[in-house]
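K.L.:
Just so you know, the sequences run in chain order A and B. In this text, residue positions in the first sequence follow our numbering: the first is 72, and each later residue adds one. In this text, residue positions in the second sequence follow our numbering: the first is 56, and each later residue adds one.
Treat the hints with care, since some could be wrong.
To be verified - Stretch by stretch, here's where chain A covers chain B in the computed footprint (C-beta under 8 Å, at least three residues):
1. 81 to 90
2. 200 to 213
3. 229 to 240
4. 254 to 262
Unchecked claim - According to the in silico footprint, chain B covers these stretches of chain A (three or more CB under 8 Å from chain B):
5. 124 to 134
6. 159 to 168
7. 181 to 188
8. 192 to 202
9. 213 to 219
10. 230 to 244
11. 249 to 260
Rather than coming from a laboratory, the hints here were simulated on the basis of the structure. Here a beta-carbon is modelled for each residue, glycine too, at the ideal position from N, C-alpha and C.
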Amino acid sequence: MAAHDHDHNESSNLSEIELRVRAIETILVEKGYIETAALDRIVELYETKIGPHIGAQVIAKAWSDPGFRQSLLEDASKAIGTLTQVGRVGDHMVAVENTPQVHNMVVCTLCSCYPTDVLGLPPAWYKSFPYRSRTVKEPRVVLADFGVALPAETEIRVWDSTAETRYLVVPMRPAETEGWSETKLAALITRDSMIGTGLPKKPSEVA
Amino acid sequence: MDGVHDMGGMDGFGKVEPEPNEPVFHHRWEGRVLAMSRAIGVFRAWTIDTSRYAIELLSPSVYLTSAYYEKWFVRNVRLLIERGFIDADEVTAGRALRPAKGMKRGRFTLADVESVTRRGSYGRPAPAPARYKVGDRVRTKNIHPTTHTRLPRYARGHMGVVERLHGAHIFPDSAAAGKGEDPQWLYTVRFDAQELWGADADPKLKVSIEAFEPYLEHV
């Protein structure tokens with residue numbers, strides 16, 4: 072149950088929850104609070120427009136433009152707001168950079184705080200009890216669950232998102248990507264690499 | 056409150072299981088719950104802090120066995136009824152039985168969508184100068200409020216270092232209790248893992264929390 076708290080335990084009551092949710096939506100529409108089309112649009116935005124491709128554009132820019140990288144590390148909300156292809160994001164974004172010495176990971180032990188502006192809605196594992204409970208105590212074991220092994224001498228730096236600040240990890244740019252365009256670089260940048268549970272793809276994986 | 060939601064450091068929940076090519080929503084109703092939560096936000100039925108607290112108030116057994124968006128849904132229905140937006144007999148009937156009461160703004164429409172898909176701003180003018188600066192050694196207080204707090208149990212009563220200042224923000228402990236925004240300085244406070252978890256902890260691990268000034272004291 073616990074490892075699957077997000078969904079898989081509810082096949083027996085799936086139709087019941089579907090009905091209960093529909094009933095509340097009906098009541099809210101009938102009473103004049105909301106328009107169905109507006110709800111449809113919110114769902115559509117999260118399914119098609121607001122996702123990790125936004126964060127990948129930000130990271131690709133940081134990898135390509137030292138001035139932008141510096142601005143991003145100083146004030147991420149402000150820096151991201153200057154990217155015309157992204158536009159304004161929420162306040163209090165903080166970008167933290169991986170180096171050969173330090174690997175950053177982001178978690179929310181108390182609920183599910185996540186930089187939705189640049190990564191979209193969090194995946195189920197990010198909201199799961201195993202991730203929320205273990206990351207602040209045994210992040211290397213959590214990384215192993217993702218198939219990631221870091222050298223023992225690498226410092227792991229875990230950021231517990233206990234307020235309205237939102238953390239975005241700037242992963243290390245892979246070797247052998249000199250001269251790549253931002254578009255090509257963005258294809259290397261996975262969602263998990265911006266949370267700290269993964270690493271960017273290797274150039275050979277997208278060639 | 057010392058609730059089951061405060062999970063940092065607990066054992067026994069098993070492995071993290073990433074799902075390849077995970078959809079944004081696994082079922083249609085999940086998207087509807089998320090969209091309704093965002094939309095209702097414009098009516099100021101609740102704030103981020105009161106909504107989190109309402110989920111923390113679910114009984115531990117419900118918290119641990121309900122799907123993520125199911126918790127949101129139960130929370131939404133409870134708060135909508137409590138705050139007079141809908142009535143319990145309407146939930147039972149599955150339809151509206153009477154008009155909305157005293158709506159302070161018009162219907163949530165397509166034109167409002169963009170405003171609710173961007174995170175809000177929680178920064179506020181500082182009420183006083185910051186008590187701590189970057190590099191200061193601080194201790195988190197050993198406190199156990201029975202209401203909402205954002206100081207996790209695993210980080211209470213420990214020595215850390217101030218790493219960042221974020222300005223003053225709405226203080227969740229106050230806002231969730233309906234006592235106003237009471238802005239407080241917000242800091243990133245970093246701990247060595249061995250301070251949090253003992254001598255056997257990973258010597259190369261550092262963990263930080265976002266700590267409001269009232270959570271901290273001088274060492």
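K.L.:
Taking 8 Å as the Cβ threshold, is the statement that the region 181 to 188 of chain A is covered by chain B upheld or broken by the three-residue rule?
P.N.:
That given contact holds, which follows from 5 residues of the region 181 to 188 of chain A lying within Cβ reach (below 8 Å) of chain B.
K.L.:
For the region 81 to 90 of chain B, count the residues whose Cβ lies under 8 Å from any Cβ of chain A; is that count three or more?
P.N.:
Holds: 9 residues of the region 81 to 90 of chain B have a Cβ under 8 Å from chain A.
K.L.:
Checking C-beta pairs, does the region 229 to 240 of chain B have three or more residues closer than 8 Å to chain A?
P.N.:
violated (count 0)
K.L.:
Between the region 200 to 213 of chain B and chain A, see if three or more residues pass the 8 Å beta-carbon test, and mark the coverage as holds or violated.
P.N.:
Contact hint for the region 200 to 213 of chain B vs chain A: holds, 5 residues under 8 Å.
K.L.:
Holds or violated: the region 249 to 260 of chain A covered by chain B, criterion of 3 or more residues with Cβ-Cβ distance under 8 Å?
P.N.:
The restraint on the region 249 to 260 of chain A is violated, since only 0 of its residues have a Cβ under 8 Å from chain B and three are required.
K.L.:
Under 8 Å between beta-carbons, do enough residues of the region 254 to 262 of chain B, three at least, approach chain A for the coverage claim to hold?
P.N.:
holds (count 6)
K.L.:
Taking 8 Å as the Cβ threshold, is the statement that the region 159 to 168 of chain A is covered by chain B upheld or broken by the three-residue rule?
P.N.:
holds (count 6)
K.L.:
Are there three or more residues in the region 192 to 202 of chain A whose C-beta lies within less than 8 Å of some C-beta in chain B?
P.N.:
holds (count 9)
K.L.:
Taking 8 Å as the Cβ threshold, is the statement that the region 124 to 134 of chain A is covered by chain B upheld or broken by the three-residue rule?
P.N.:
violated (count 0)
K.L.:
Has the region 230 to 244 of chain A got at least three residues whose CB is nearer than 8 Å to a CB belonging to chain B?
P.N.:
holds (count 8)
K.L.:
Between the region 213 to 219 of chain A and chain B, are there enough contacts, at least three residues with CB-CB distance under 8 Å, for the coverage claim to hold?
P.N.:
holds (count 3)
Consistency with the previously given hints fails for numbers 3, 5 and 11, ordered from lowest to highest.
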